[in-house]
Amino acid sequence: MEPTDTGNPDYFHKVVDCQWACPAHTDVPEYIRLIAQARFTDAYLVNRESNVFPGILGRVCDRPCEPACRRGRVEDKPVAICRLKRVAADHRDAVAALLPKAPPKGNGKRIACIGAGPASLTVANDLLPLGYAVTIFERWGLSGGLMRTNIPAFRLPAAVLDEEIGYITSMGAELKLNSPVESLKALLGDEGFDAVFIGSGAPKGKELNVPGRADSDRVHIGIDWLHSIAFGHVEKIGERVLIIGVGNTAMDCCRSSLRLGAKNVKVMARKSREFFKASEWELEDAESEGVEILVNHSPKAIQTSAGRVTGMLFDLLDYDLEGGRITNERVVGEKLIPCDDVILAIGQENAFPFIERDLGIEFDKWMVPKVDPATFQSTRPGVFFGGDAAFGPKNIIWAVEHGHQAAISIHRYCEGREVTERPARGVTLASRKMGIHEWSYKNDYNPVERRLVPHVGLAERFKKIRIEVELGFDAAQTALEVQRCLNCDIQTVFAAPLCIECDACIDICPVDCLTMTENGSEAELGTRLKAPRRSTEQALYVSAPLKQTGRVMVKDEDLCVHCGLCAERCPTAAWDMQKSTVHIPHASFDEAPCQATPSRKTA
Amino acid sequence: MTSITKPKIAHPSLPKNELGLTRREYEGGMSTLCAGCGHDSITAAIVEACWGMSLRPEQLVKLSGIGCSSKTTAYFVSGAHGFNSVHGRMPSIASGANAANRELYYIGVSGDGDSLSIGLGQLAHAIRRNVNMLYLIENNGVYGLTKGQFSASADIGTKSKKGEANQQPPIDPVLLALTLGASFVGRGFSGDKRQLVPMIQAGLAHPGFAIIDVLSPCVTFNDHEGSTKSYAFTREHYHAAADFVPPSKEIAVEYAEGSATVVPMHDGSHVRLRKLETGYDASDRASAYQYIEAKLKEGEYVTGLIHASDGSGNEMHAVNQTSSTALNKIPYSKLSPGSATLAKLMDRYR
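Line by line, the protein sequences give chains A and B. Per the numbering used here, residue 1 is the first one in the first sequence, and the count goes up by one each step. Per the numbering used here, residue 1 is the first one in the second sequence, and the count goes up by one each step.
Isolated chain B (complex conformation) (with noise of 0.2 Å):
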């Protein structure tokens, strides 16, 4: 939280992308959060992603439920839409957004409150329905608003602020989403927006649903140590095992057979995924499935885009065979062919 607000200048060589905007006109509201949370860095990373893209401020769909990171819809892309939904419901309206607009970007915002406890099911669901967009919990393993109750994806082990241990083991969304089927998984680290940057601009180009876990420290009430998810305690065990090159149109560099697997992307561009260790392979769910759980026994959090493939054959508006277009862009005679119509089509059933 903080009193003064951020002065509207800006560095005079600040650079422009391909609209000609700047980073800082896709900045949104002041946050309240407390002072060094992680989320607000994940919102930084959003604006720098959204800026790199050169996405027009109105093709953006922000969406999410309830608790602290929800809030963060409110401070960055101001001209995007928006909708702050009811707690862990955030994936039904985004489902039904997406169903009737398909041509916009859809970024859903949540925590590990939101969508590993109360929005669980509808999580699941959206997976499983494959629906385009890009899905962000902002995981700090607490429920901060409440003040610092272990949520669902607390570590067993890990130490409350008043030094409790967790005993319940935690679900882990990355090996969730897994196992239902997502096409694009990725996990990363609110310190580390090289990383996340290029993340968050891939996942929003996946055609599908892409889903990526970032440990937020929750500076307030999950900082301290004997916390799994301080800013200390990530940085230490963090392990950026899974690479890969941002989307780009043009192929520049030429990979040795087998070193890197393209996945294309919905504007026709591509991610390359590096191999960089041997046995581990990010196009191939099982082979990834089994590393990130073998490396979480040992503690260590793998990051980067642990799992991509190609999610348009199964996306959400594929299965169902709906209008190319946008529901919008139909004219209402088209949309709403009239009763003489309808009657006719129940004339069918009778």
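Just chain A, with the same shape it has in the complex (with noise of 0.2 Å):
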């Protein structure tokens, strides 16, 4: 193998585990390490930064980045990452005077966002720095998007949205309630807008095409029952309640069933839990909360008597799997459960009936519209997607990675420069030795198991819907689970030419990550490793020829727990520990703001 390039951008951020899984490359361990110094404020700041709501996403994220961590691959559980962000947000002081203002005078590009959500916060709080007016239409009379309508308030409370919003807000956007965008061709047209961004989400449930749908009010669909809950126009439900859909939707609306009156309620899956698209600690506090779920039920019919709904017929099926996936499935038997409502939590999709066909903007044969998946502009140059409106539904954390990206086009695209050169990430790298045996950062390998955050009581917290069920971790928790962050960003930097070959780092690694040996290609050095290769996601760090032997010092990054001790044994300080921190680019940052030129539109 070539010896490893580590001024590649990429090659140490894909060490950092979190930090790589994170659609927005939330530093996670440098955040973690300040909050271990108590420096709340700083932990939030770091994580604003890349995901511009710390305090919401402390909450309702969906934590891509947990799967992902170091330490769910030396012990069972990872770092409870999402539960820390959240003591950084909890405990911070008052950060307004510390986060971006927009300049005194602007740079006369108006922008227009269509939609409040997390997509559309988020690229009006990149480019209000670089002096653009930004605009947002929101079609109802609260900001937030499906973050407000669809998560309901006993999971995010409504004064953490108010609060992140308002940042962005009183940085000088201008937040239009209850207006929902009629034409888009007017936005661009007479309204003059330099550039469009559509934010607008997934707002439109899946409809469930079977017999007697149509004859009840009592069958809801998910999103639209959550969405009235949250405006308060839903306040109770039927003792019985049946949701169809496994999904995090799902887990919503049957966790807001039991706080507005139900006794029994049933999560339907047409599958078995293998292949449950709900998150797995949703899946939990729901059934901890008493909400039964079955497998392999696929509804059939629904049952109704003069409006109202008396149960629901389903198909009893039968899968034969192999490998994980099914490969045949059979009707085995028919069930009838009795109900009071139905709420349909199956899917949504986008809607866009505020565009007109003859723009150019392109749409494929699903509706869903032709969006560069790098620089989020649609086939018409000056319209931009992003967040749920752009691929279908993902999550808060990738509506926020959207919108950065979208802002960077945005501005680029006003200054007339082209939107597919795109600024490059690069990485640095401090050494974090401070002198013998003593280094920046604990290195010591805490065994301490991942903290369970605690909960309001099972009675308490069916009182109203709007109590807050998870506490966040208190002090001594938080003091713990800070330790069992692993420092995957303090990295293991090895310089060849000093390099003895005395073995010292191979004999003292807990977990065999090193070896030397003779150089080859990188499918036969893998079988040639201290400890068997387990997974070729993580590289072979392999260094320049050694040069006492032309031996290579191979290194398996996947198992490393960076725990300093090759660089404390390296007699010469051919390894050493060193801080990689990823630069990754943001409009608000990284580009050169507009010249005060007038509007191109009004010019």
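Estimated spans, in silico, between C-beta atoms of each pair:
| hint | chain 1 | residue 1 | chain 2 | residue 2 | range |
| --- | --- | --- | --- | --- | --- |
| 1 | B | Thr22 | A | Gly526 | 16 to 22 Å |
| 2 | B | Gly29 | A | Asp76 | 24 to 30 Å |
| 3 | B | Gly157 | A | Asp76 | 57 to 63 Å |
| 4 | B | Pro12 | A | Ala351 | 45 to 51 Å |
| 5 | B | Thr22 | A | Arg425 | 37 to 43 Å |
| 6 | B | Glu164 | A | Gly526 | 44 to 50 Å |
| 7 | A | Leu294 | B | Gly29 | 52 to 58 Å |
| 8 | B | Pro12 | A | His233 | 50 to 56 Å |
| 9 | B | Glu58 | A | Asp5 | 45 to 51 Å |
| 10 | A | Arg425 | B | Glu164 | 50 to 56 Å |
| 11 | A | Ser272 | B | Pro12 | 24 to 30 Å |
| 12 | B | Gly29 | A | Leu480 | 22 to 28 Å |
Because the hints were derived from the structure by calculation, they are not lab data. Remember, predicted model here, so these are calculated numbers, not experimental data. Ideal placement from N, C-alpha and C gives every residue a C-beta, glycine not left out.
Both chains are sitting in their own frames, so use the hints and assemble them into the complex.
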């Protein structure tokens, strides 16, 4: 193998599994260290730079970082990254004065954002400091999009939403509530916006066409029903409720039902548990509240009597599985389950009634707009998509990342530059060695297990729908949980010319991830490592040939726990522990502000 | 020396030996030697060797004297028996322990100071007595613990850290052991575990006294230019001439007549010596001596299993016709037959 190019910004970035897995590339180990030092405000700001909504995401993020966490490879459970994010958000001081501000004089460009959800808000957050005038059009009377209307208040309190959205609007975004956009043509034409960002989400719940669907008003579309709760239009539900579907929306529906008077709530799944779309922790939370999840039930008909739902009929299915995939299914029976309400939570779709079809914005055969996955520009220059509106339902953290990328594109577009040319990522490395046996980070491996976040008691939490269930870590839990982070961003960096091949690092490595051997191809070298290679997902770090024998130092990045013992035992400092800071470009930091020129449209 | 503790976690797919144990379970305490010390690599080789042989930790006795080398017994197989003796007196303790319990594996770890200066007489007599043990000399040519003075194994002309050249001739432990009649003599290098690990296993399995001189650079006081025991010098003058096949029960490969010599081990397995160069026969003490001496004059360190012959005939217990069971397994009544029997015995001499 060729010596590893550690100058490639992606090389060490990939070693920081959580940051690599995060769509917005939040510098997780850095903020966990700050929390460990009780620097909550700094931790919050590190978060906000990439994910914009630390308080919101610290409660309801989909957490792609946690399954990726390195700790999960040497122990059962990953670091509770999301819960720690909430700790930073809950305990910080006032940050308003520390946030970026819009320049006193704008650049004269006007940007319209459609929908006041996370994607649009991120676009505004990134463009306002560059001098843009950003107008956000929101169809409903409250901002936040699906964060507000679809996530129940017992998971995400309104105050958290208001505060973090407030940071963006107080930067100078013009938020037009109760202002549904009727015509994109008008926005681009008469209203004279330089660019339009469409972050209108996927607001349309999927229908279930079974007999009896239309015979009662007690069959609800899940996201619309949650929306009605959020706006106070719905305050009760029948005693027996069936939820159809087993995604995260279904989890919110079943738990909301329990708070509106339901006594018996069943979630009906078509397939078995391994195919559930809901996050494991959301399933756990629902089940701990007494929700029953029934598998292999396929909806057949809704039974009604005089406009009231009396029950629902299901086909019982049986599946043949092969290698985790369904190869065959058959009906093995039928079952009637009595109920008073049915909530459909089987998916959601985009809807763009406001986009005229002659604007040059192309749609595919499913009526999804054609959007460039790197620039987020549609087929019409100057019109950008992001969040669920771009590629269908994902999650908040993806919407934020779409917003960041779209903001870069919008800025380049407004400056007349190529949107396809993206600002480059970078990486800087800085040694953490302070002296002999002294490192400026804590590298003792703490074998403590993942802390469990405390919840409000089961009786107490059902009293009101707005009682937040999760309480967040207390000080003692936080102090232990931060120690579980392995500091994957403190990299083992090797300097081949310094190595005297004494074997000290290899002998001390607790996980046997180092080998000194003759060079070979990656596949062949992988068979000669001191400990067997388990996965090729992480790279082999291969050095230049060593001075004395011409062998190479090989490190399997997969299992390194970043304990620093190799560097500690190295007599010549050929191994060093260096903090890698991955530079992720954002419009507000990396682009020069627009020159103050008159708007393209008004000039 | 290190301030971070080695975490207890391990690679999830670490191989297990016949006892179901991983290498990690053969480790000892954290080393307090200098970072990069050759001794730590030898420690790792011992761990690997004991794990590979599937020794139960309590089957092993580790003994040492004084010096950097002698600290290392604390760093491997923490479940083994151990005795850290007076400077240079480890062979006596080993002889005594072995006399009392012949059923255990004995490994003595010593250094060039402990063995070739203060303890030379002890070493010589342990070889002569043919105690069934593996004796490892962690040889770095300096007194590391007292800041790097030349030891008795320092070569003529080798330079101290301050640049002073050594004038006195060295004692070579390999030539010494060959002269005194050791039946298993090897030389290794801390930087070559591929050779060292099987050699340690063969030495442990060998019936009788087995000695391995392991070149183990002192990273702090003897790893500079001009030193003949630095990592770089050792690698340049490293001559793996004496090869062997590690102990095994089955003889899988047939060797052409005269190309390999089979030496029996006490557990019924065999070590086979391969002839790498013409005119060198590792089973023949005299020719091994000549070869090593000639190579030393050329400045070459011959490594590998230099000499091995059947050592069981004059092994300490055989010569003294001792009981075939360990003393702790003999009932007390038999071990101490009482004053009446003693009186009877004494009567024979009156």
